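Participant: Can you join these two chains into the complex? Each is in its own frame, and there are hints to help.
As you go down the protein sequences, you meet chains Y and C in turn.
Counting in this note's numbering, the first sequence runs from 1 upward without gaps.
Counting in this note's numbering, the second sequence runs from 1001 upward without gaps.
Everything labelled a hint here was simulated from the structure, so no lab data went into it.
Since the structure is predicted, the reported quantities are computational estimates derived from the model, not experimental observations.
Only true hints are included.
One-sided and incomplete, this derived list gives chain C residues near chain Y with beta-carbon spacing under 8 Å:
# : residue
1 : Arg-1132
2 : Asp-1285
3 : Arg-1316
A virtual CB, placed ideally from N, CA and C, is assigned to each residue, including glycine.
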Amino acid sequence: MSEKKAVGTRQYIATRIVQTIVVWFGIITLNFFIFRIMPGDPRGTLIAEHMPPEVVQAIALRFGLDQPIAIQFVLYIVNLFRGDLGESFSHYGQPVIETIFAFRFWNTVILMGTSILIALIVAIIMGVIAASRRDKVIDVGSTTVFLVTYSMPVFWLGLMILYYFGFILRVIPLAGTITRGIVHVNIFHYIADYLWHMTGPLVVLTLSFIGGFYLIMRDSVLDVFTQDYILAARAKGLKERAILYGHAMRNAMLPMVSVIAVNMPFLISGATITETVFSWSGLGLLTYNSDVANDWPVLQGIFLFLATVAVLSNFVADILYLYLDPRIRY
Amino acid sequence: MSHGYSPFPDHPYDRMHSDNIVYYGGNPYVLNNATVDALIEDYLSASPAELAEAARLVQVAAKYNIPYIPLFLSDDTHAIRSEWTNYTIKPGGIFTTFNPQTVVFMTSSVDNSLFVMAYSSDIGEMNPLFWRSERSHWYNMLVYDTLLSFDNESNLIPWLAEDYAISADGTQINFTLRTGAQWHDGLPVRPEDVEFSINYYKNGPSDVNDWPTFQHITSTSVDGQVITINMDQTMAFAPHIFGTQMYVLPEHVRDDAPQNDARWDDPTNGTAHTGSGPYEFDSRDPDEFTLVTKFANWWGPTNPYVGQLPNIDAFRIDVVIGQDARILAMRAGDADSERYEVFGAYVNVVLNAPELTLVTGLASQWDYVLGFHLNVTEPGFPGLGISDFRVRKAMSHAIDRAQLVNIGRLGHGRETHSIIPETFYASLYHPDGDFWEHNTTIANNILDAAGYLDVDGDGVREYPGVVLPPPPPNLILIGIAGAVALIIGIVISYFIFRMRKG
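Isolated chain C (complex conformation) (with noise of 0.2 Å):
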């Protein structure tokens, strides 16, 4: 099975925590322990200095349980019309939703006035409170800003806050608002308004995003430039959360109607969509497109980690069902890359396009995973087959991870060796957490010595204890005499036949 990474790594609590285990939840594996459970939970809570430390052993636990075994990250392997170029490498891909940086820097050799992103479906949701897809998430990263940003080592940096910190035990962060920045409508951005998205999150209905982490802020307040929020306990992730997560809104556009009023989906209400992102909202037809133009007051040339206003002069987001439809497309010029990466044969059939380039090198956010159903066991063994570790750890010894990407990506991915991978989240991996290498003998040996043996040699081990029923009758044995037997009984019912009419 496969899953997606976020920036940041709170995914051990989705896959492996017990609150997870719900009917569709994010721990299918049924990890059900105990101890798992606590480190996550110290993992999540632990402050910036002990946050290292409570990954590893979050890391090491994974590896000692085996709810899943890391397997690769698909390489973001993205067909993009060669005339592109400055487009962002960093983890996840170059058109992730913590990768504005590409929306900025990406230029073309040709004419910059548009790129078009052709995407399989209709963006869905326009209110980024609600995005319940990655790709109207995409759009609102366009529209809208986030106090902070990513690196491309995946480390948090200043976006639309020129600074943060965080108090040594975690529960306080400040943000301190870049000056000069506008909404789209030409108003200033105060630090009023970031204080009010806080709490307009935080007092939104409850399937508002990330709306549990809000509920532990207990108080905000502005001073100067720097908001403040105080929360009721550490949060390891609260930082990229607030930051990251949260898109800064109007409160003069947003205070009179609630979070999920249909205007902020109101393709016609344009003062809805105000935002003080790069782009903004110009028009859209859905199911057909959404069309978002450069934000010329934007405040990208302040930040120093920007330095510019965008490139490109306008976005347009453009449903292309079809891959075939949308590699096409590509190479009409009609778009100019698409929303994923391209898979399979299609791999090949973008790099046969000469007015198209294949982007590799670099891992896109989907990981796959050897999971396992821990509650499933065979009637009569409890306890064994996948409910028993040392199938797991044998499991996980036999796996040819180099030979998975071959097949099963035709090279284009990367192997995944812990559940926080290097690859991905280089700073809070540690190789304590690796899973066991690649080594058929081992994984032998432990089944050998478990007790799975092969007793009946038709190259599948049984279960320990399995005793062989009684080998079936030779049939041809039992042929053969049958037919003596019916030969002798002809010759005998011959000649007394002979002798009676004799």
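Next comes chain Y alone, as it looks inside the complex (with noise of 0.2 Å):
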């Protein structure tokens, strides 16, 4: 790399950094304000109808809700860089950070993680499979299985498979990330019931997430297949198998990084839907919940982890580019 071109990259990070920060800033603004300006209060959460004026009035002054809202703003900001987010409005008194990162965090992680993986790699081996037969069988067979589930939506496919596979057949939970009430009796025990409660939401979100992956990959690898290095590599004799996977694949990856870029936040967020209807106990069901219950500083963590998770994905995705594909200079 010349210095030239090594002085540019240089500028070119330390820009995204700024901007980077200026977005954050930006989406930490408006993660306060937009709660504010939503219906619903979060009183009524927090305040049974029967409450005397008097313990209405302590509530307030105890969650800062008696506050005009530029100090409640300047409050918001200066406990955030302390790591402070507050208090939970529905598991009252309880700080946001362990209501977020207690068990919830893991679990969506862990589902989220598992399902997003999983459905990379099918669509990645489909993609190219059906790339490389285009119009055949297999190709109009993936294409057409993949969009249905794509398609599909997923509040009733879960609702399907908790009713087929759940409630008829019994070979899932209905409910939940572990048996209930029951005593674990070793690590391995406690695995193997958290993957089994898994199986339910797990194969709805691999369906729901291969369709949008595989249609990537898919006219990836057949718009690499017009490139000239493959015209070459073909009149070089290389192997079709070795063009495929040694070529095509390698090349067709690329806009994968910008795909996986842009599910880090579903593996932050969670599923809402699929979490509700499965009662897995994760930040999508969190977020729901916090919603219904206008628990604002519950959803003001979330929506600040997950803004954070996004701008930074973003960015490693931009600086990823730079060395994945040698072309990229800026």
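Facilitator: Next comes the structure, spelled out in structure tokens:
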């Protein structure tokens, strides 16, 4: 890399860092105000009808809800940089950090991470195979199947799986991350029980993810097939398998970096509907419950975390491009 | 809109007193009437002898101000697996926090070892001083005892206390603690524990439940098994609040930590959840389940209103989020019932499920009302519209509550005509407070007399004094005239053109 190019790259990275910080600040500001302008009042969660006015006032004071919005915003920013995201309204008095990260974060990361990983592997393999056999049965068949699963509403698919496999066939549990009320004899028993409970939501999420990944991979491989270097590889007499996996697939993977970056927030946010259908206690379900309960601090915490991951993953993807594709220079 | 009833009718204060006209207050109707305020204050500070008349006056005041129109109470259409019977039928439903009898008397024809209650979300708090939902409150009711409870007609009955007495002026209450009661750790429940609990509530932070009522306590004392509470004023529902809303807590567990200490919500600290209730805390996995097991030394057999230990060995509260999933869980036997009643189309789903029974025939605690915001007026028409009592009265006459129940609750509900409805609070209901009968002729006559007339004949009444704007021009006639003029113009032009050409 010439010195001129290196300087350009450094400038690009520095610019992206500044942009990322500015965007992040914009997001945390929006993150505060968006909940103040949406309908609903958190005191609806905190304050039951029969609470006397003095208690209503005491609760408002405790959570700073009596302060002007500008003061609330300053407090929010100051506390944010102290690592204090406040206390949950609906988990009365519990620190938001604990509400989010104690166990729900891990439930979501495990569920979403596994489903995205499986979906990516299946989509990449099937995308390459379908592209290499364009318009053949396997191409048309897999495209049709994955378009159908991609188009199906996840709540409907989830309920069908719950009904047929959970209720009729009794092969998966109807709710939760573990069997309720049992004492697991050891860690392996716990893991097996956990994975069994993960089956339903995992199938739903994997099916819903595969379609998008598959179509991008297939199109990407088809695009690579039109490139001159594929023609050159064929002209050199390389075997089709070597061309497919050694040249076509590797180059077609580049757009998948963007896809993975775009999907990173899902890894954290969870799948609200799927988690709700299967009572999977993750961040998606927490988002739903917090929204219903107008639990602003928890929603702010989740969205802040989500936005941070989204901004960072896009930044990392942009930087990765520099190293994955030697043609990209700034 | 809907509200919820507690087992004693203190809601007129929440809904109609000007104290509660605050941002997110209990008086969203903004009824700000000094006379009504005074009547409510008299009601809440009535001695036992004055209470019925004070309640009558409050009901009449509501009738003649109409901040909201009572419509109906939904029925407690609870789904429960068919093998369970002998749940207690009382106003509010079979599973309320003021129905501890159900968890004692309910029994299964198949297996009494476990009852699983499906919740739509986690119980949240475990600390009985800070319950913030009926879900956590119901858990508290299993683990902790109150001094008093309610019978099936919502009258106070002895519970952990074996007796109680109120002075004639209502400023002193004596609770006589039952002898032989034990905490879950085996230590005896002492009158000093009750006195400690009263002061623990009183001296807690101001967001402790019912904290303001406790501030009226001037002194407490213990004499033998009798705990005396003295107050600085008469409070009509003080026996209800101290007797049924305050959970008795063990001094030896609680006295070394503040009321809002984190340990009281810590599921790993079993000692922190020591109570004297019919069930003792066993284990909990937040967002998954909370398990309580039968307390073998509960005092139930010594109380003639109970007479036994609970039939069920353990209760488990499971989190099952969706209504569909909860019904499937009940049908599959993974759950036995759910915390709240089923609504809408799910009622028929339950009725068609052979494994389930739909409990019907008793009112839930959820009441539906037609509410008004009395400060909202049409610009240019101050005092008219819903600000006008005559309009609200006409609306009250016009509402067919039976039809609302049929449409809104598929028939599973009961009409309410007073703000203290007979269905729920038979002892304090008074027919003088019944809202205006359903009669659309009277409703129309009221509006006619008040000048709300349909002056433009479009089926919608206008405000009094509205003058109709002049009628719009007849576009058809204008069009025809224009067309005729155009034709004449063309004809004339044609002849002029011909004459010039000729």
